[in-house]
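Residue numbers (full-length UniProt numbering), protein chains in the order written: chain A, 1 to 774; chain B, 1 to 396; chain C, 1 to 200.
There's no promise every hint is true.
Now the in silico label distances, taken between C-beta atoms and shown as ranges [to be verified]:
| # | chain 1 | residue 1 | chain 2 | residue 2 | range |
| --- | --- | --- | --- | --- | --- |
| 1 | C | Leu-126 | A | Asp-127 | 46 to 56 Å |
| 2 | C | Ala-149 | A | Ala-284 | 32 to 42 Å |
| 3 | B | Asp-336 | A | Ala-455 | 50 to 60 Å |
| 4 | C | Ser-44 | A | Tyr-565 | 49 to 59 Å |
Keep in mind the hints are simulated off the structure, nothing from the lab. Just so it is clear, CB atoms sit at the ideal spot from N, CA and C, and this is done for glycine as well.
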Amino acid sequence: MTADPSAADGRTAVPLDPSLAPPGTRGFRDAGGIPADKWHADQNGETLVPTHCCFCGVQCGMYLRVDRGGKVFGVEPRNHDINRMRLCPKGINAYQQVNHPDRLTAPLMRRSRDEELREVSWDEALDYTVSEIKRIQRDHGRDAFGVLGGASLFSEKTYLVGKFARVALKTRHVDYNGRLCMVSAAGANKLAFNIDRAGNPFSDILLTDCLLLAGANVGECFPVLTQYVWGARDRGATLIVIDPRETAVARTADIHVALKSGTDSAFFNAVLHVIIEEGLTDEAYLAAHTTGWEEVKANVAQYPPSRAAEICGIPADQVVQVARAFARAPKAMAFHARGIEHHTQGVENCLTVINLCAATGHIGKPGAGYGTLTGQGNGQGGREHGQKADLLPGGRSILNEEHRRQICEIWGIEESELPAAGTSMMEMVWQMQRQEIRGLIGICNNPFVSLPNYAVVKEGYDTTEFHAQFDFFLSETAANAHVVFPVTIWAEDEGVMANAEARVVKHNKAQEPPSGVRTDTWVMCEIARRLGAGDKFAFASSRDVFDELRRASAGTIIDYSGITYERLEETGGIAWPCPSTDHPGTPRLFEDGTTYHADGKIHMQVVEWHPPADPYDDEHPMTLTTGRTVAHFLSGNQTRRLGALVEQTPRPWAEVHPSHGFRNGEPVRVVTRRGREVFPALVTEAIRPDTVFIPYHWPVPTAANALTIDALDPRSKIPEYKVCACRIEHAGAIDEVPAPPVAPGHVAYPETQVSRTDPLPPSAPQGRGTSERS
Amino acid sequence: MTEPPEPAAAEQSDSGARTGTSGGKDGRRHGPGPGSGTGPSGTGVSAFARAARRLPRSVSGRATLAGAVVSGLLVLAIVFGSRLLHDFDSALLPYAVATVFLAFGVAYRYTVWVSAPGALRLFKNGWRSLFSKENFRKAPTALPKMTATYLGFQKFLGARSHARWAAHQLIFWGCILAALITFPLTWGWFTFTSGSGSGPGYEMRIWGLKIIGFDSLNFLGWLMFHGLDIAAVLVIPGASYFLWRRMKDRGAITGQRFAYDMVPLLALIVISVTGLLLTFSSIFLHGGGYEFLAILHMVSVVFTLIYIPFGKFFHIVQRPAAVGMQLFKYTGRQDDQVFPCRRCGEAIDTGPYVENLRGTMRDLELGFDEWTEYCPRCKRVLRGNAYLTQVKKGFK
Amino acid sequence: MMGRTMFIDPGRCIGCQACVSACRECDSHRGKSMIHLDYTDEGSSVASLPTVCMHCEDPVAPCAEVCPADAILVTADGVVQQADTTRCIGCANCVNACPFGVPKIDLQAKLQLKCNLCYDRTAYGLAPMCATVCPTGALYYGTVEELQAERPGVQVADTFVFGESEVRTGVAMVVPAERVRWPVPGGLPVVEINGKDVRR
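Start from the sequences and build out the full structure, keeping to the hints where you can.
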């Protein structure tokens, strides 16, 4: 139905029907490919199940519409006080995953990677998995088998991942994909406050006079949070955005600091420098509530605005502007996200922001405070209860004797049986390369797209002797595994998640899983039973696990003991710590200025800026930075299958400044020391001339993470996704986006993949306009 | 339709009205509220209805004349077609009278319809394309093909929904069959005569001329006598599907009006059911209840015939315009007269079509007819840019 | 004052297209998105503009006026409905006459489709889907008073200027207070395209 006039060359070529219509008015490609016949809404017999979105850390409330047959078929906005009926395009389309034709409905298995995966019975898959676990652990030691969890799992399941690794597998090697997300913020929070969560609820944003967003593309990664940002501005707040790109919130910000990626700590040190110089610090607060101020003060003295201007590539004036706006505001808040966390000095970057808040006394008040915006749905909850390499439930340290003893008592094991601390996710991959880890179970993650330096990741996984993966769609990683367990999607089980405010919310079950699909809880418990640890894993449901989680967290900082499913259903969410069932929860921390350190003080830390890990040279003079686009989520295993989202953003692109001489849509090859890939150029003035941006949701050969560097922050072990050295050059043809993998014998739901091969970039980073190429 | 009525026009001169700070009525936008059950039924005023209320005198005069001429012609056709009422069945008189009213109504309404600028221009262009010798030479099959796909098989309905297409086809062919049988019968054009007086050998005559002879006991005879029953059997499931859909499908329910959307379906069902019951009565009940059923049937048919020009059924008369429109555009495309957007260069439509639309807009005194040279997306982008540069660039 | 209607503020829009997806979920046209989202400053910034049907009041519904089949209904509450399925012949007159570029057309189905302000929801006092989910309030449904209570100091304008003519609409744009006396530019006359002066 192309209406290309030049095609009407012979008279006979004119079709009788249909006729011409202008672009963007004809057809409904944006129906997500689902035939209109299947979309009719019937008047009768639907129920609304209140739940939350499965995607980002905002955790918007939504209703799932369930038909008389008990199947989820739609979504209805829900007036939950997190989102007040607002939803983003991912959230609106989330329900389409539930009864998606690409769902895995039978275990897949193969004994060698040379074979194709084939459908097998649950018994066969479980037996083989258990025999491989036993074989590898017998031959190479318990620690030769690892587990990688995920932060999109319900908290119950994240708790179970940690327990499963340490009690059933008895291995030290357990970690999760939150390691790729916001662990830098977690590390900084622990150092400064000894509590790992944001200090203020979202609603405090509405009360602030100055909002600083550092490395947080709120408009695209947390779209629903924008209402709070705009709400603050409606009430007169100043908005400061620190981002190398002019994002949707940066576009209209009062101050947009487009600094060079990887220079955040220099910038924030300089801001603090100006604050001190102009006498805008809150000395009374500093004296009463902080330690380390003198050292910090001495250190930032070396960061005058002129130095920051040089390092960051910004006008020195902006440093002064930001300092004055932030410090002079009666109440100011700072939020940051992956932009300053994904660095080899991610923890330090966060610490410089904390220093800024502490020095100005903007902490622990309504409308004044500090926080990180977690990227994954359970980014907060996922890091709390023991699926991190060094943590036990309740945020306990696995290195602390007292904590170990408490957990062993709860779990009913000998302390000698509890393994030591493990290694981080990227380090585990390196260990897989070195054959120190020979077997792996991955639950709810897709490292083939999400980990940096794909070549290393692929080699690491290929070297394993046995790899099992849990997922509901066949991810790129799962497609490389020996065994794939088909598990439930979020709407088919109940459980809790903690959002970026550390508010625990309850997800409800909306439909029965398809036959052949089991909950992650059931699979982990079943493997544990077959490994002989069944008595420790006698969980029939999420509710049982949650009860144990509550007991295991009682008395710790991350105290869930007062949170029950019933209370969550009544209240719409409770922020931890919540030590008793009559406790209202703790939405705002540090209200009396006391932190969770023994001395109750904020421990301010000295931060020296250092350049990123990947050095610039003549071959690689530019900065490659990566990030998200609004229509897709993380590794894209979910969103790349939803027609509407594929239509909105069918493929990745390389965002470049017009000064490089590329025309929009021209192939541009991005070369780093680790790889080279060709993308269509999205030429825009909304990016620094020395920077290239690629969104990371797609697999090779269109994967940003084939180019990024696997350098880690020494403390948080977060990879430096946000900066590596690169160059760009003209190329012949762009690399095509592959179809998402599906179970053998299936094809990826074709109606949703129509636009995947679109060779052009979207017209803006948020996607293609509704009238383009239709 | 040349002068848009509406109270809105009166408020226009108030400069405050531009900003929405004065004028207008409070709560004007409130719908009828949940109490009304089937939704906002009955609140609609179609653009047509508005226009009809304030027809220019010349149009209503012309329309009345057209109605009178057409109904007069029909009366003459009845008189002569029934051989000066020799073959006219006086029992069918009410039906015949209803068809005369129908003819008047359709002609009147049709004249009013094609007098509106939009329809008039397309009407002229459509017929011009139809009667163009050159067109016929270039694509002699275009018209028959379009007629068959649009008017006969209604392919476009399949694109809306397969079920709706199937149901509509049932109704369509059922009604065509019924009309082909009943209209000539009521006009006294058809007669069935038997030499023996009561069969089984019959002759079918049109205008007194013998067309076919048949035995009422064989298959052909059965078909001849039960044609209307077959039509009813086609119409009932089709109309029932639509009725069911109108009670269930939220898309259909939105904005649905009882008089416009439900009454035609109910009328079709009543006609068909009573018609079938007549047969049932004569075969199984030896005519029991026949009188009553016959009257009910007649009333429903007469009502439907008179309703045709005024409600949903008028689409039967209007739909051929789609062929005219398509033929007009087809002609333009054959001559490669594609009009590109002045900004992005994408094809908007054929050149003659755009010129036609501009003409319509000028007729209607819509002062932005130049805008038709830009595609809808460019209109929006230009407006968006103008807002950015002239109103506000960002949040403030 | 105007009653409950939609207010559009492109300055708040983040171009996320939640409205586009939400529109598709509306029961009256499920599966088909009627709203338009355009990136109006391509190559320079990420600015975006959502476009719903503006429900023109004066002149009343140009789309309905140019319709040769009398297919477009304007309900008493000022909502310009989408084409009547039995009448629409798919000629695209409305598509090209609409000064805001709103109607869409399904060529196969010979049917015009456009935003009807989620009539199935607004008729019962609910906000349309797009304005319900809009994460930024760029699309807002309510009264002017409600809008101003949430956003102190904003004004709205419901008149657009296209060259010599003005169109007053049922849906309004948010404007800064000092702009309130002027109509909102509609984009006509077009002065230049891609740097070329196109004034004749």
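Query raised in the report: Hint numbers the structure violates, sorted upward?
Result: Result: no hint breaks.
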